[in-house]
Amino acid sequence: MGSIFVNDRDGKTHKLDAQKGSTFMEIIRDAGLDIEAACGGCCACATCHIYIDHNWFDMLPIKEGDEEAMLDQTFHILKTSRLGCQIEYEDKYEGINLTLAPE
Amino acid sequence: MEHKTDVVIIGAGPVGLFAIFELGLLNLKCHLIDNLDKVGGQCAELYPEKPILDIPSRISITAQDLTDNLLKQAKIFDPVFHLNQQAEVVEKTEDKKWKITTSEGNIIIGKCIVIASGAGSFVPRKPPINNIDLYENKSVFYAVKDISIMKGKKILIVGGGDSALDWTINLAAIADVTLLHRRKEFRAAPDSVLKMLNLEKQNKLKFLVGQLSSIEGENGKIRNIEYKTEDQTHLIQTDYLLPFYGLKMELGPVAEWGLNLNENLIKVDTEKFETSIPSIFAIGDINSYPGKLKLILSGFHEAALMAQQCFRYCNPDKKLVFKYTTVSKDLRKKIGV
Ligand SMILES: Cc1cc2nc3c(=O)[nH]c(=O)nc-3n(C[C@H](O)[C@H](O)[C@H](O)COP(=O)(O)OP(=O)(O)OC[C@H]3O[C@@H](n4cnc5c(N)ncnc54)[C@H](O)[C@@H]3O)c2cc1C
Ligand code: FES
Numbered sequence: 001m002g003s004i005f006v007n008d009r010d011g012k013t014h015k016l017d018a019q020k021g022s023t024f025m026e027i028i029r030d031a032g033l034d035i036e037a038a039c040g041g042c043c044a045c046a047t048c049h050i051y052i053d054h055n056w057f058d059m060l061p062i063k064e065g066d067e068e069a070m071l072d073q074t075f076h077i078l079k080t081s082r083l084g085c086q087i088e089y090e091d092k093y094e095g096i097n098l099t100l101a102p103e
Numbered sequence: 104m105e106h107k108t109d110v111v112i113i114g115a116g117p118v119g120l121f122a123i124f125e126l127g128l129l130n131l132k133c134h135l136i137d138n139l140d141k142v143g144g145q146c147a148e149l150y151p152e153k154p155i156l157d158i159p160s161r162i163s164i165t166a167q168d169l170t171d172n173l174l175k176q177a178k179i180f181d182p183v184f185h186l187n188q189q190a191e192v193v194e195k196t197e198d199k200k201w202k203i204t205t206s207e208g209n210i211i212i213g214k215c216i217v218i219a220s221g222a223g224s225f226v227p228r229k230p231p232i233n234n235i236d237l238y239e240n241k242s243v244f245y246a247v248k249d250i251s252i253m254k255g256k257k258i259l260i261v262g263g264g265d266s267a268l269d270w271t272i273n274l275a276a277i278a279d280v281t282l283l284h285r286r287k288e289f290r291a292a293p294d295s296v297l298k299m300l301n302l303e304k305q306n307k308l309k310f311l312v313g314q315l316s317s318i319e320g321e322n323g324k325i326r327n328i329e330y331k332t333e334d335q336t337h338l339i340q341t342d343y344l345l346p347f348y349g350l351k352m353e354l355g356p357v358a359e360w361g362l363n364l365n366e367n368l369i370k371v372d373t374e375k376f377e378t379s380i381p382s383i384f385a386i387g388d389i390n391s392y393p394g395k396l397k398l399i400l401s402g403f404h405e406a407a408l409m410a411q412q413c414f415r416y417c418n419p420d421k422k423l424v425f426k427y428t429t430v431s432k433d434l435r436k437k438i439g440v
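In order, the protein sequence lines correspond to chains R and P.
Our numbering puts the first residue of the first sequence at 1, with every later residue one more than the last.
Our numbering puts the first residue of the second sequence at 104, with every later residue one more than the last.
One chain only, chain P, in its complex shape (with noise of 0.2 Å):
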């Protein structure tokens, strides 16, 4: 599928949200992608319980509250959202304007791309066996995109947060799972945990205690598990393994765009919160810039002049008139106050 917008903007954190918005009073329209299969970025991943006090004038507001007003702000400038995908190619076509094509296919086109990829895309952790790349995909899976192969197989689930638990209860019904887990607490949701016990107590899933170690099998195709308890080292048959270690956070793909980086941050401007490339810019904790400072208050503020600069880009004819959002007719109609 192919979009054409003004600006494309890579990540959907607090500080994209808040872009969207900035853009918006510009009049100008975003798209935007993230990994993520929400909007929210670190706040809705990480910690979205917490509550922040630095946002100027709350008090207090959960990093989840923080990220549904920022969504509602937003989308009173009608943002497209292509989530569960990454950015991964930029390249400029030929009447100068940047194509950014997703892992999903999806095909961008902007006069601008605002980088606001935060501390990268959240990828799955994965655990540190040896030659567990060679299972990858085959046998080792960090999600579960096709429950049709795994009908009738042996299951190793590892974890013991929310997707570990959500996947071993729902595979249970179609095969043969055992999950493993380092102790018998679990972070995630108890009314899973309690599910997934009365399934243990009913035979339809087995519960074992322990860490996971190696793998041992050949062509990508697991014979054995092994994990670890306090002294002991045991072994499990199983066909497939899941391993549910939680999120991180990577760099990725906008390493190779070209652009200057200082230890993997992207080098920009504090006028414009330009990068290395005219007409990509970078805000919020992507960027490096003396004296910054990794709050999303500092990457509204760059949000408001990249838009600026944004707006220069893509109306080259147009004078940019600095107006207060209190004398804006337009705006008030739309929000409707």
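Isolated chain R, as found in the complex (with noise of 0.2 Å):
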């Protein structure tokens, strides 16, 4: 078991348990914290939007066809945002900061 920070929109920066196979989405949904997620995951309601810090996000898996799209329908862009619940938690990931975007 792994874990993540997650800054909520009050700014607040919690540190999640984070286990290899889940989305970063279904991670801070099942922490409790405030992220619609309305599709459960099917990259068809844009409301898990959330943004990767700098350090990380090249890191992180390209943006398949479907995300990139999804993404047009949310608001406050930033070249950082991603889909929670089209990344997967993986090892290398230890320690990432994520950050909620607004609503």
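Think of the hints as simulated: they come from the structure by calculation, not from any bench.
All clues given are correct.
If we take Cβ atoms under 10 Å as the criterion, some of the chain R residues that face chain P in the derived model are:
1. Ala38
2. Cys39
3. Cys42
4. Asp66
5. Met70
6. Phe75
7. Pro102
8. Glu103
Straight-line distance between alpha carbons at most 30 Å, and here's what the computed BS3-like set of lysine-lysine pairs gives:
9. P:Lys370 with P:Lys422
10. P:Lys153 with R:Lys79
11. P:Lys229 with P:Lys248
12. P:Lys331 with R:Lys12
13. P:Lys214 with P:Lys195
14. P:Lys395 with P:Lys426
15. P:Lys351 with R:Lys12
16. P:Lys351 with R:Lys63
17. P:Lys141 with P:Lys375
18. R:Lys20 with P:Lys395
19. P:Lys298 with P:Lys351
20. P:Lys432 with P:Lys107
21. P:Lys298 with R:Lys63
22. P:Lys178 with P:Lys422
23. P:Lys229 with R:Lys12
24. R:Lys79 with P:Lys331
25. P:Lys287 with R:Lys63
26. P:Lys397 with R:Lys63
27. P:Lys324 with P:Lys241
28. P:Lys254 with P:Lys324
29. P:Lys331 with R:Lys63
30. P:Lys141 with P:Lys395
31. P:Lys351 with P:Lys324
32. P:Lys200 with P:Lys214
33. P:Lys422 with P:Lys436
34. R:Lys79 with P:Lys309
35. P:Lys351 with R:Lys79
36. P:Lys421 with P:Lys199
37. P:Lys200 with P:Lys421
38. R:Lys63 with P:Lys309
39. P:Lys153 with R:Lys63
40. R:Lys20 with P:Lys397
Every residue gets a Cβ at the ideal spot worked out from N, C-alpha and C, and that includes glycine.
Starting from the two chains in their separate frames, assemble the complex, guided by the hints.
Printed below as a string of structure tokens:
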């Protein structure tokens, strides 16, 4: 079991347990933080929008077609925007820092 | 317009569609209401091309094919669809029936209501801009109903999907159109993208890359729109703003019908899938009971059990005889097998 750091919308940082194979969205949702994830991870709602810390961003797998198209439906997009449901936690992400995008 | 029927189904997603068939087997007639311009709910709107792998006996079927087949099967029983409108008001009539009024003013009277409204009705996703509501339906529109007001005006369209591109192309013929999208690639049909880019080449419209950030204006009338590129903000003067950020699902009026809810889901029993109000049922993604799985498969099962109880409400003097479809000569004749 690893851990990730998540900044909520009030600027508070939470250290969350992360299990290999779970997506960032699932880890955040199951910890009870406020991420809507309306479609449950099907890449069909864009309500799991997160920002990835600059230092980690390039380590992530590149976006597949669906994810970029879904990001079109969100707001406040940054270069480091991703959909939390499209990235699975792996050991190499131990300690990664994520931020919940505004609603 | 006023209609009378046995059962009014709210929501024409996969579960609402299959309910028509199950009710039809028991000779019950249905009217359906859906906000979308098509049947199929989430399957048709969110993932028509994706293959579903857990529909019994289908190794793989796309969500659109599933919708098409469900519709074909339902049509055996002549359902009536009221699309492009929301079920808004539910009232009891003097003779103890249900009267449902839609956003288009249609009235449908039935003995039972089946709520198959899934995750809610699809509504436009609104950009989180301060005060945008002050401009809505005056100079900000999420759908174009009256093209004539746009003639010769400056219009800013935002988005990269089919609605954004289709309206950009259509309105470019009669107005001064600018399309704003956050990147140079589009999720719209490649054909439309090509058309748009050609029009841009001929100077018949403008295309800008950036993100919408705020509105300036007064009394519902826009003066300027501000948008952001990487580290700059820009102003663009416009008369109308048409944001097309896709659709999201919202519980909507269902919350106001006096039903027992559990975190925006309707509580039902697992024998008849009836709600806290007798003769109102809830099936599919909208209901909640211990062990509920939000699967199409579960919705189908719920529809079959719900139909039994609807039959009893609609035919209090008749006995319900359980019959397999394999023995139904009537049905075979109807389908032609
Ligand atoms: C990307 C994705 C993949 C999925 N994959 C699978 C899968 O592999 N297998 C599976 O079993 N399930 C899957 N699902 C879930 C499945 O799509 C849902 O369980 C199913 O669509 C629920 O059907 P429904 O008819 O209950 O509701 P919906 O499909 O949500 O339809 C409800 C309809 O009701 C309408 N409505 C709601 N309120 C009103 C109102 N007041 N007035 C008028 N109309 C209204 C809505 O506009 C909508 O059209 C998936 C979902 C998504 C998003
Ligand atoms: S949870 Fe819906 S897109 Fe990620």
